[in-house]
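10 protein chains.
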Amino acid sequence: MLYLVRMDVKLPATLAPAEADAIKAREKAYSQGLQREGRWRHLWRVVGEYANYSVFDVESNDELHTLLSQLPLFPYMQIQVTPLAQHPSAIASAITAN
Amino acid sequence: MLYLVRMDVKLPATLAPAEADAIKAREKAYSQGLQREGRWRHLWRVVGEYANYSVFDVESNDELHTLLSQLPLFPYMQIQVTPLAQHPSAIASAITAN
Amino acid sequence: MLYLVRMDVKLPATLAPAEADAIKAREKAYSQGLQREGRWRHLWRVVGEYANYSVFDVESNDELHTLLSQLPLFPYMQIQVTPLAQHPSAIASAITAN
Amino acid sequence: MLYLVRMDVKLPATLAPAEADAIKAREKAYSQGLQREGRWRHLWRVVGEYANYSVFDVESNDELHTLLSQLPLFPYMQIQVTPLAQHPSAIASAITAN
Amino acid sequence: MLYLVRMDVKLPATLAPAEADAIKAREKAYSQGLQREGRWRHLWRVVGEYANYSVFDVESNDELHTLLSQLPLFPYMQIQVTPLAQHPSAIASAITAN
Amino acid sequence: MLYLVRMDVKLPATLAPAEADAIKAREKAYSQGLQREGRWRHLWRVVGEYANYSVFDVESNDELHTLLSQLPLFPYMQIQVTPLAQHPSAIASAITAN
Amino acid sequence: MLYLVRMDVKLPATLAPAEADAIKAREKAYSQGLQREGRWRHLWRVVGEYANYSVFDVESNDELHTLLSQLPLFPYMQIQVTPLAQHPSAIASAITAN
Amino acid sequence: MLYLVRMDVKLPATLAPAEADAIKAREKAYSQGLQREGRWRHLWRVVGEYANYSVFDVESNDELHTLLSQLPLFPYMQIQVTPLAQHPSAIASAITAN
Amino acid sequence: MLYLVRMDVKLPATLAPAEADAIKAREKAYSQGLQREGRWRHLWRVVGEYANYSVFDVESNDELHTLLSQLPLFPYMQIQVTPLAQHPSAIASAITAN
Amino acid sequence: MLYLVRMDVKLPATLAPAEADAIKAREKAYSQGLQREGRWRHLWRVVGEYANYSVFDVESNDELHTLLSQLPLFPYMQIQVTPLAQHPSAIASAITAN
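Protein chains in written order, with UniProt numbering: chain Z, 1 to 98; chain D, 1 to 98; chain C, 1 to 98; chain G, 1 to 98; chain F, 1 to 98; chain Y, 1 to 98; chain A, 1 to 98; chain V, 1 to 98; chain H, 1 to 98; chain P, 1 to 98.
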């Protein structure tokens, strides 16, 4: 089951650079783990912004919230979730892998 | 080169149902042709709305505009385009096929 | 799996009253069928507006879109869907019946 | 009498983690007390956000404001209240328990 | 129990002037009846707009929705309701008559 | 002459609690003085928010600005003013006392 | 007493050109009469838009609403009113003529 | 003197196609005349929208409004004007030709 | 050439009161100098807000930006500029003095 | 391939003036280098704001994001990107140099 997710990162000015770097490193490792599992299906940078559009493939709303709330950058992000469904003109399936 | 595109369809109340059906049929054929060519990479329905999120893979801004402006439903859609780039944490490439 | 859904109805001025009444009657029957099945869990009127907030309990994004797009008033509604998850302070479960 | 309430939590960066934890613990206890009394009827997490949608069942606007303004997290929340009424197609009552 | 209500009137261009006048006359009579009963406590014109701010004093959300949805101009209005409570610095009561 | 005024209070996190309490005490005294004079005609709490809707009865725009800018909480408030006029269906006068 | 007023004109497509011209001629005569009286102090076109910013000098909110609601284009305009006051750094008076 | 202008075209559904084509032909001729004179310096299509961003080089606000209000599509466009100035880091001049 | 300018002042909580007073004194002197020269034609307080609407009469976009960017409060203001033109119904000229 | 980019700069109050000056100097040098290469085609100041509108001419979305994210002021800017295409009425080409 697919969801489009937009994440905008806003690091507070008071965050020490070393701490910020450590959080970003954990974020990258966490993200790549989920990508390898196939649950974080797509991850794209929004041109010109410290933001991404992602597509997640999970079993439920709860699984998605759990994944997102465990993001190391979660306290510093504004996240917007849009549930997706099969489009009648799509030749690929939105339910199983595409 | 990837672009996220959101399309919201608003058919005018004055459009005859038969004409609407004909336009939708042409839209579906046109869309599936582009999907088979790989230029319309993803097509998802937004849950609860007469709208879709799509990902296009084209060579240039001009190619994308040409594809979109030739959509049979183009006169009845509101379209919003977001250019995408490679995300440093993505394990797939946003430039070639992913 | 729960979703909060807001529906705003906007009937076009050109819709004949008899036709509007027929659509509303079908809408009511359809809605009450889903309520009896337990899939349309809550249905509340927004005070002062021709709008409702509803909670749906379905298996997937696709099931929800199918239910919503078959609403007789669907062509005349603006719909906004918010996926819900279990809240850590909730004493009831958001996943099974509550 | 039912109200839909959305609460968005924004903890200031200057709040010490220990103090934040203490406030959240008091918030949880307070919330669960009201849930057990039946006045905080539903509590759902918004997927991907530090926010909830809730339904309150109280006697008056004043009772609702008193409950909300006594939330331990109240100084750190943005709250939006929507009064609800009985929907003519609802098979459950919005006035007494549903 | 008090509610602030803003009503914006938008008459469709297709409404015949005579019919519009008849609706407005019924609206005025209906409004003045409620004002005399004390349930429509205040009615003010927003300067420069075909809109009003009103204060209603009713027993419940349902009573307010019933009053508003029976307005002859209801199909042509956009209505926004804000529930009000006693302010701790107010010298008048927001609950009983003020 | 009446004006609807909405005030939203946002105290900065850096304001010491004792100083905040002192400002609020002065605000209350100042507000009650104006209420007794009849210039601050209504003062209502917005349910769930640190905000109020008020109605002022003053001689001029300048008098209103002077009153508002002398509020002890003025530096911490966002204020929105809507001038009101007599509504043709109102049975009370918006110009003299109502 | 001064007010800044923005007016956006939106003529419906169904308005016959001859009727539109007649309304605009009445609007011009009415506007110039008020300008000569000194009550419509300034009238400027917003560059690129069928809109104006104006400054009115009137005795009260009610006088302003009466002037605006008698504009021949009133049914086709969206109007936004901002009350103005004397600025402490202004060398001209905002209360008497400036 | 440069201005950035965004124009969004919205043709009413009631406009006959032949008339629309005639207006567009006049628009194109008019636009190309101004481009050749150097007053309409840039004209770009917004990808996916029936809209453009343009840069005009004119002597005054009034000259710009005259040019824009004489556009054959002016009655069907929403136009937004942003005045531009020389940027201190720009190596080209924003005042004379660039 | 006239421009309507809205300025909203937001002083940071960290600005020392003495420094704020010094900046405001310089702002007042600078503003009154421009008013005397006739380039800052009108300066009005927005009722209830730490904001003003002003009208500037300058030779060019660049002259206006230079004036505005040299305001002592410029780093603490949000500024919005609207270019104005002669209105066909205005009896005064928007180009020369009015 | 052209893109319109709007950049709004918001320097945090905690940034030391000397550091801010150093960042701005690097920004200017970086910007002028890209202008000389022809990749930063236009750079205009928005009148009255600490903001610019720019036009970039690059080979791809990724090249644009790389350029923008290396701006010394990037952490302090809000950036909005609009892809541009050839307009059918433009006499200049949007694809090659114009």
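One should not assume that every hint holds.
[Unchecked claim] In silico DSS-like links for lysine-lysine, alpha-carbon gap of 30 Å or less: (1) K10/Y - K10/H; (2) K24/Z - K10/G; (3) K10/V - K10/D; (4) K10/C - K28/F; (5) K24/F - K24/A; (6) K24/H - K10/Y; (7) K10/C - K10/D; (8) K10/D - K24/D; (9) K28/D - K24/V; (10) K28/Y - K24/H; (11) K24/C - K24/D.
These aren't lab readings, by the way, just hints derived from the structure by calculation. Every value quoted in this text rests on a predicted model; they were computed, and no experiment measured them.
How the hints compare with the structure:
Of the pairs offered as hints, the one joining K10/Y and K10/H holds, with about 13 Å between alpha carbons and a cut-off of 30 Å not exceeded. Taking the CA atoms of K24/Z and K10/G, the gap is about 21 Å. The hint holds against a cut of 30 Å. The suggested pairing of K10/V with K10/D holds, with an alpha-carbon distance near 13 Å, which does not exceed 30 Å. Proximity of K10/C to K28/F is assessed by CA-CA distance (about 25 Å); at most 30 Å being required, the pair is judged to hold.
Distance hint between K24/F and K24/A is fulfilled; the C-alpha atoms sit about 26 Å from each other, no more than 30 Å. Between K24/H and K10/Y the alpha-carbon distance is near 23 Å, which keeps this suggested pair within the 30 Å criterion. For the proposed pair K10/C and K10/D, the alpha carbon gap of about 13 Å is at most 30 Å, so the pair holds. With a C-alpha separation of about 12 Å, the suggested pair K10/D and K24/D falls inside the 30 Å cut-off, and the hint holds.
Between K28/D and K24/V the alpha-carbon distance is near 29 Å, which keeps this suggested pair within the 30 Å criterion. Distance check on the hinted pair: K28/Y and K24/H sit about 29 Å apart at the alpha-carbon level, within 30 Å; holds. At most 30 Å may separate the alpha-carbon atoms for a hinted pair to count; K24/C and K24/D meet this at roughly 26 Å.
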